[in-house]
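Chains as they are written, first to last, in this note's numbering: chain A, 1 to 268; chain B, 269 to 494; chain C, 495 to 551.
These are computed hints drawn from the structure, not numbers from a lab. Ideal Cβ placement from N, Cα and C applies to all residues, glycine included. It cannot be assumed that every hint is accurate.
As the list claims (entries may be wrong) - Just the calculated beta-carbon pair ranges, DEER-fashion:
id: 1; chain 1: B; residue 1: Arg401; chain 2: A; residue 2: Glu198; range: 45 to 55 Å
id: 2; chain 1: B; residue 1: Ser471; chain 2: A; residue 2: Ala36; range: 47 to 57 Å
id: 3; chain 1: B; residue 1: Arg283; chain 2: A; residue 2: Phe160; range: 31 to 41 Å
id: 4; chain 1: A; residue 1: Glu250; chain 2: B; residue 2: Ala272; range: 40 to 50 Å
id: 5; chain 1: C; residue 1: Arg534; chain 2: B; residue 2: Gly427; range: 14 to 24 Å
id: 6; chain 1: A; residue 1: Thr141; chain 2: B; residue 2: Leu320; range: 21 to 31 Å
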Amino acid sequence: MAHDTGHTCKAVTPDLHTSFMFERFHKFASPPHFHAFARTLSPWLFGISALLFSGGLVGGLVLAPADYQQGDSFRIIYIHVPSAWLSMFTYMVMASAGAVGLIWKVKMGDIVARACAPIGASFTLLALATGSLWGKPMWGTWWVWDARLTAELILLFLYFGYLALQSAIEDRRAAARAGAVLAIVGVVNIPIIHYSVEWWSTLHQGATLTKFGKPSIELSMLMPLLAMTLGFKTLFAAVLLVRARCEILEFEQHTAWVRELTTVTEAR
Amino acid sequence: MSNAAITAAGAVLMRDLQRAWRRRGELMQPLVFFTITVYLFPLAIGPADDTLRILLPSIVWVAVLLSMTLTLPDVFAVDHADGSLDHLALSPHPLALLVLMKAAAHWLSGAAPLLVLAGLLCAVFGLETYTLRALLLGLLLGSPVLSLIGTLASALTVGLRGGTLLLALLTLPMYIPVLIFGTSAARNAALGIPVEAEMFLLSGLSVLALTLTPWATAAALRARLG
Amino acid sequence: MKSLAEFFAMGGYATYVWSAYALAAVVLIWNIVQPLRRERQLLRSLGQRAKPRRAAP
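Chain A extracted, bound-state conformation (with noise of 0.2 Å):
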């Protein structure tokens, strides 16, 4: 097989804005510069998560009163909420990357693809375990057969199907090009699912009972939500980016830039 860079050349249009920006997204579709940018860029997205987490955590375990309903049960939210909204976006995450290397044949789509999927299905497990301990002092059992939760957990058989493909075939390119088509797929199916398990909640139940529904939510209360949710996000973000560097590693392993930068790493 050719030598393959990880991105096709492409003719560049003449205007000269268009095609610094070109330039410029263009380079993180090599490898070896988005494994450098990996690298300086992690570090301060850990730090900004963590303080984003240390706002969220005292903000919503001692600042934030308790619920008039739920009492201090319902601080399961500030888990909650962020890994199942953090679920759904590393799966669209997940899908954007895998078409830009299905369609454009750009490389990093496919690493970024792969690394995304053990970090989702981990936030898909978190939010059915956090929404099973929610639920049981509310409604008496460990399992609610909710139309978000059932959705969540049909996010996670998607995740697992994903992530068994990815084991299945051996060729790392092959793998990640059937995911990426398994995961477009999968986005198009999802709002379906929903809608579906939406109708099928409501079978037989007169009035519609959303256990999870949104309540109207105090400012105090909502504050710490959003600090804990863009502390997830910016965690995703960092891990996805030490993911990334692995995969790279992987992908690139008998490339020159791989064997300099780890013949470097040993001598240290």
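Keeping the supplied structure of chain A fixed, place chains B and C upon it in accordance with the hints.
The following block gives chains B and C in isolation, referenced to the frame of chain A:
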């Protein structure tokens, strides 16, 4: 679409149907599996129990989905084994069209017999006519989705060790919307509630699958075959 | 202002709330530690692979 493409598509369809006919003994196996699965439930529940009558449409739907996943690996596995899959992928004709024909062949040889058997079993179990009609119509309207998405999963997992199980893991979550609407239709029919909404939704899903999955399956084949 | 004991009791929901936060800690720490370790292992193993070639005359 060129004449050559249509001829090629027809050829793919006919070849698959002929192959299915030659292997008709093997094609019985998913049907047997379906029957066994359905019969497990009265054995698990109890013969005189009213629960069985209420649950029967849902049981049949689930059994259909499980049996489908057993019919799906062969959509591409046989071609992959004898090398003709590469020929298919390298063909000058639109791969999406050819792949659509493979899904159609699967529907005719794999899905349709299952639907007929489902109807027969339900009649044998004494399911009332109105519910039976809703069940069968739902299966009919939803089955293209099952074949189309199944063909996609078959392309993704072709030639992999443990591919059949992986195929089931990939397909079943994507089957859930069809399952929900199909069983909702049958259960609502039993209660005398009109079921047009479910039928429209199932038809809509089939049309959507028909439009989108051939391209995805072609992309999946190209991704796997390199 | 709550006392420390009241804080840990979480209005009677202590098991649920603290289990949820403990799980979150496990998941987040795993997400941070596992890739970093893998990166170190990769750099080491890829570096060792390159070494014999360099040592050859």
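Cβ-Cβ distance between B:Arg283 and A:Phe160: within 31 to 41 Å? Holds - the Cβ-Cβ distance for B:Arg283 and A:Phe160, about 35 Å, lies within 31 to 41 Å.
Check the following: the C-beta atoms of A:Glu250 and B:Ala272 are separated by a distance inside 40 to 50 Å. Hint holds: Cβ distance 43 Å, inside 40 to 50 Å.
Assessment of proposed distance window 21 to 31 Å (beta carbons of A:Thr141, B:Leu320): Given about 25 Å between the Cβ atoms, the range holds.
CB of B:Ser471 to CB of A:Ala36, is that within 47 to 57 Å? holds (53 Å)
Falls inside 45 to 55 Å, the C-beta gap from B:Arg401 to A:Glu198? violated (26 Å)
Status of the given 14 to 24 Å range, CB of B:Gly427 versus CB of C:Arg534: This hint is violated: roughly 35 Å between Cβ atoms.
Against the hints set out earlier in the document, violations occur for numbers 1, 5.
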